[in-house]
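**Student:** The lines below spell out each chain.
Protein chains: 2
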Amino acid sequence: MLLGSVEAGGTKFVCAVGNEDYRIMEKTQFPTTDPATTIQKTIEFFQKFDDLAALSVASFGPIELKKNNPNYGYITDTPKSQWSHTDLIGPLKKALNVPVYFTTDVNGSAFGEYVTAQLFNEKISSLVYYTVGTGVGGGAVLNGKILQGFGHPEMGHTFVKRHPDDLDFAGICPFHKDCLEGLVSGPTFDARLGIAGKDVPHEHHVWDIMAYYVAQAAIQQTMILRPDNIVFGGGVISEDFLAKVRVHFKQLLNDYVTVPDLDKYITMPRVKENGSATLGNFALAYKVQSE
Amino acid sequence: MLLGSVEAGGTKFVCAVGNEDYRIMEKTQFPTTDPATTIQKTIEFFQKFDDLAALSVASFGPIELKKNNPNYGYITDTPKSQWSHTDLIGPLKKALNVPVYFTTDVNGSAFGEYVTAQLFNEKISSLVYYTVGTGVGGGAVLNGKILQGFGHPEMGHTFVKRHPDDLDFAGICPFHKDCLEGLVSGPTFDARLGIAGKDVPHEHHVWDIMAYYVAQAAIQQTMILRPDNIVFGGGVISEDFLAKVRVHFKQLLNDYVTVPDLDKYITMPRVKENGSATLGNFALAYKVQSE
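Residue numbers (the numbering used here), protein chains in the order written: chain V, 23 to 313; chain F, 23 to 313.
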């Protein structure tokens, strides 16, 4: 049996086919251009595999996930040019004629991390995955199920208290200015310092300011979901940076509630090279074909 | 069949017995003194009812809810004098010999609100309940289940961005200073203004400042859990106050995600006179006796 994974990102699409052991058999990627071309390329990749059993798509958003909504399977009101109100799942289902699971990019990653934790016999029953990159997003798996309510979470858009050395920065979120995304997404380096994040030395104080905010995101999850693990991925995150996050987290939490050992609680992704979503998609495709 | 409810508060215990329709048959309350006396009074109230089928206890905390923990059923490291590391559930189970459900006070209220919504045929599958009173706490019900992770939520202890007219107030949380509880719990009126909340006129600007913070709590829930309804109870809350909260919420959200109509999304408790927890307890006691 073959399982398909689509990571539908705003910049690129990554398509992969794997087996029941979630091992990648073939993989391709191409830039996200207009919807028709991009979806057609996706279809052509998967059409090569006769025994594709199911597909899972982890997409940039916002997306419609309520199955009783006529726009189920759509990317909805995204600011991304041409993609607003695009039916992503309909054409894939029609052309490939297999069951298709649909979720957000970060939900796919969260599920991949959760499944990997289970494979490694870790005692993880709930897990949050944040990406801190061009934007900030988060998804959660609670007792094996992806967290989903009135819509999908948008965990990057909560507010935090300001670092005393960062009071003058307005924040760059077009909707909320100084929400988490507006304070710690990758482009904030350029907005604060006039240089790209990759060129900011590790000892620069801005890293400490950003760690203070990311630690508050971890506090929010700790107080609301009480997960067993909070995973941070994305271009801004490194082991070095998470070490700073843990220091702030410990100070902010002030031993108010019990949490797992911080080195195991606030972590980099288990799956390397941004592979969490692909693995999550394989597991979700497996689930959807067995339902 | 009779069902028992204990609301174990830091100030008073409220004990009630109800029928399968969750109607209160008899109710009593007494001050929370030392554990032995208070627990004994609780036992004596319920011993009067021969056909008590089960009991549910919604307690102040922190409490231990993990059933495989040797301290399950305990109030753990509370600052409340004499109550630290008190076995609350053990003595009740032993004396009354019925199944006992144990949860937090706000979880009990959240469950009561959820059950009431179902009885009224509201389309509510997830709901958050905050109490804003002496302290701030929150619980959630997701698809009929109380949210519980590595421990129970402590939703009152997340951080928020400061109102520009409130930058000099340090906050009063003994653990976190300016977390939500440290900025909006009842005693903050006295800390900010030197007068009790009940004596602060409705037109005072401090209400607007507090509404700004409570709105951010609602934003956190909206971005993380995406619930169908956020209920606010407790001494600080009034319809007048929630009207202010909705105004700030709308501005802060800035239409970023879809939410239900705000008058139905951010609401006072359905069950009047602080009765949510009693009703929730009856429903939880019913559940635990049928398991």
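Just so you know, not all the hints are guaranteed correct.
[To be verified] Derived DMTMM-like pairs: lysine to aspartate or glutamate, alpha-carbon spacing no greater than 20 Å straight-line:
1. V/199 to F/187
2. F/183 to V/144
3. F/183 to V/200
4. F/34 to F/66
5. F/167 to V/250
6. F/199 to V/99
7. V/34 to V/144
8. V/88 to F/66
9. V/88 to F/250
10. F/116 to F/313
11. V/183 to F/66
12. V/34 to V/66
13. F/199 to V/187
14. V/49 to V/72
15. F/88 to V/144
16. V/34 to V/99
17. F/89 to F/73
[Claimed, not checked] Anything over 12 Å on all C-beta distances counts as not near chain V; from chain F, calculated:
18. 49
19. 70
20. 155
21. 214
22. 238
23. 265
24. 285
Note that these hints are calculated values from the structure, not bench results.
Every value quoted in this text rests on a predicted model; they were computed, and no experiment measured them.
The beta-carbon is built from N, C-alpha and C at its ideal position, and this holds for glycine as well.
**Student:** It remains to establish, for every hint, whether it holds in the given structure.
**Tutor:** Checked hints:
no. : hint           : in the structure
1   : V/199 to F/187 : holds (19 Å)
2   : F/183 to V/144 : violated (36 Å)
3   : F/183 to V/200 : holds (9 Å)
4   : F/34 to F/66   : holds (16 Å)
5   : F/167 to V/250 : holds (18 Å)
6   : F/199 to V/99  : violated (39 Å)
7   : V/34 to V/144  : violated (32 Å)
8   : V/88 to F/66   : violated (50 Å)
9   : V/88 to F/250  : holds (13 Å)
10  : F/116 to F/313 : holds (19 Å)
11  : V/183 to F/66  : violated (48 Å)
12  : V/34 to V/66   : holds (16 Å)
13  : F/199 to V/187 : holds (19 Å)
14  : V/49 to V/72   : holds (16 Å)
15  : F/88 to V/144  : holds (18 Å)
16  : V/34 to V/99   : holds (19 Å)
17  : F/89 to F/73   : violated (26 Å)
18  : 49             : holds (32 Å)
19  : 70             : holds (37 Å)
20  : 155            : holds (18 Å)
21  : 214            : holds (17 Å)
22  : 238            : violated (5 Å)
23  : 265            : holds (21 Å)
24  : 285            : holds (15 Å)
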